[in-house]
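Peer 1: Please work from the sequences and hints to get the whole structure.
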Amino acid sequence: MIISNNTVDSLLKTHFFASLDDDSVKKLLACFREQNYSKGDVVLREGEKNQDLFFVIIGIAKSYKVSPDGKEQILSLFRSGDAFNMTMIIDSNPQVYTVEAMSPLTLAYISRSDLYELMNQNGKIYEAILRLFADQIRYLVTLVEDLSFRSVMGRVAKILMMYMSDLYTPHMRITQRDIAAMAGTAREVVSRALRALEDDGYIVIDHSRINITDPEALQELIDYSA
Amino acid sequence: MNIPEIDKDKCIGCEACVDACLRDGLEVVDNVATFVGEDCTWCGNCEAACPTGAITCPYDVIYDTSDECGCGHDHDHDHDHE
Ligand code: SF4
Ligand code: SF4
Numbered sequence: 000m001i002i003s004n005n006t007v008d009s010l011l012k013t014h015f016f017a018s019l020d021d022d023s024v025k026k027l028l029a030c031f032r033e034q035n036y037s038k039g040d041v042v043l044r045e046g047e048k049n050q051d052l053f054f055v056i057i058g059i060a061k062s063y064k065v066s067p068d069g070k071e072q073i074l075s076l077f078r079s080g081d082a083f084n085m086t087m088i089i090d091s092n093p094q095v096y097t098v099e100a101m102s103p104l105t106l107a108y109i110s111r112s113d114l115y116e117l118m119n120q121n122g123k124i125y126e127a128i129l130r131l132f133a134d135q136i137r138y139l140v141t142l143v144e145d146l147s148f149r150s151v152m153g154r155v156a157k158i159l160m161m162y163m164s165d166l167y168t169p170h171m172r173i174t175q176r177d178i179a180a181m182a183g184t185a186r187e188v189v190s191r192a193l194r195a196l197e198d199d200g201y202i203v204i205d206h207s208r209i210n211i212t213d214p215e216a217l218q219e220l221i222d223y224s225a
Numbered sequence: 000m001n002i003p004e005i006d007k008d009k010c011i012g013c014e015a016c017v018d019a020c021l022r023d024g025l026e027v028v029d030n031v032a033t034f035v036g037e038d039c040t041w042c043g044n045c046e047a048a049c050p051t052g053a054i055t056c057p058y059d060v061i062y063d064t065s066d067e068c069g070c071g072h073d074h075d076h077d078h079d080h081e
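Line by line, the protein sequences give chains A and B.
Letter by letter, the first sequence follows residues 0 to 225 in numbering that gives the first Met the number 0.
Letter by letter, the second sequence follows residues 0 to 81 in numbering that gives the first Met the number 0.
To be clear, the hints were calculated from the coordinates, so they are not data collected in a lab.
Even glycine gets a Cβ: it sits at the ideal position worked out from N, Cα and C.
Where hints are given, some of them may not hold.
[To be verified] Chain A is faced by these chain B residues, among others (derived, beta-carbon under 8 Å): (1) W41; (2) A47; (3) I61.
Peer 2: Right, dumping it as structure tokens:
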């Protein structure tokens, strides 16, 4: 096996592996490789072709697209256990988004050809792959819903909550630019939204720290902003 | 005090951040933006001005239940919340 024990443990904890029998797990693990990235490294670039399926082991990565005028829209954040680049399983069209490390990052990956071979031998692996697709479709529908229906303040609040629950990833900090790219808006608008959230008593901004003073109230705001 | 993070590889030494900082906190030294000020308000003007994303003011987002007023400081002291 070419991956570390820690990576094996992380992979076994994912939903993908949890549904598989011991034999498929063993065969799959034997095909995985792992790679480390530094913060800011590009893992996949839009327009290029990459035929590996990736799982995040340690750290956070973002997938994003850039508009013609240079505005970044973050599509997803991938954390430990999340998979990406599933579409490569279906066809070999170019990447539709760029994936970049937002922190030091360890990824495990398996090539399309190895995966195909194992999928053909075992229907359970097919099902596990389909579940990954279902998760992703569900997530993207939620993103469309947020961008279409939720107010900017609600979106910013939701992003803060996402980051707040992430206390265990000490490397992860967020800039107003990141929030803007996730909320699909301009940085100035995020700045105003943060100030409004502070004025309304949901958060306290102390220099480089955003303290969520009342998560329940913030969650209510998110729920009502849809 | 935290200071903005500067990615030396991304910085092109254009001085946009230097001009944007109202506290005169930044200078370009050897072609790279460098924090030289005494205080930084984390206003984010430098981040907004930078054309390459080299300088950033990232936040920690936390929920600290031990911190009643949410200010991030100990409680046996006087301070204002700006
Ligand atoms: S955050 Fe504001 S005060 Fe601090 S260095 Fe940047 S522009 Fe200057
Ligand atoms: S604005 Fe950005 S690129 Fe220009 S000097 Fe400042 S940090 Fe460097």
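Peer 1: Tell me the hint numbers this structure goes against, listed in increasing order.
Peer 2: none
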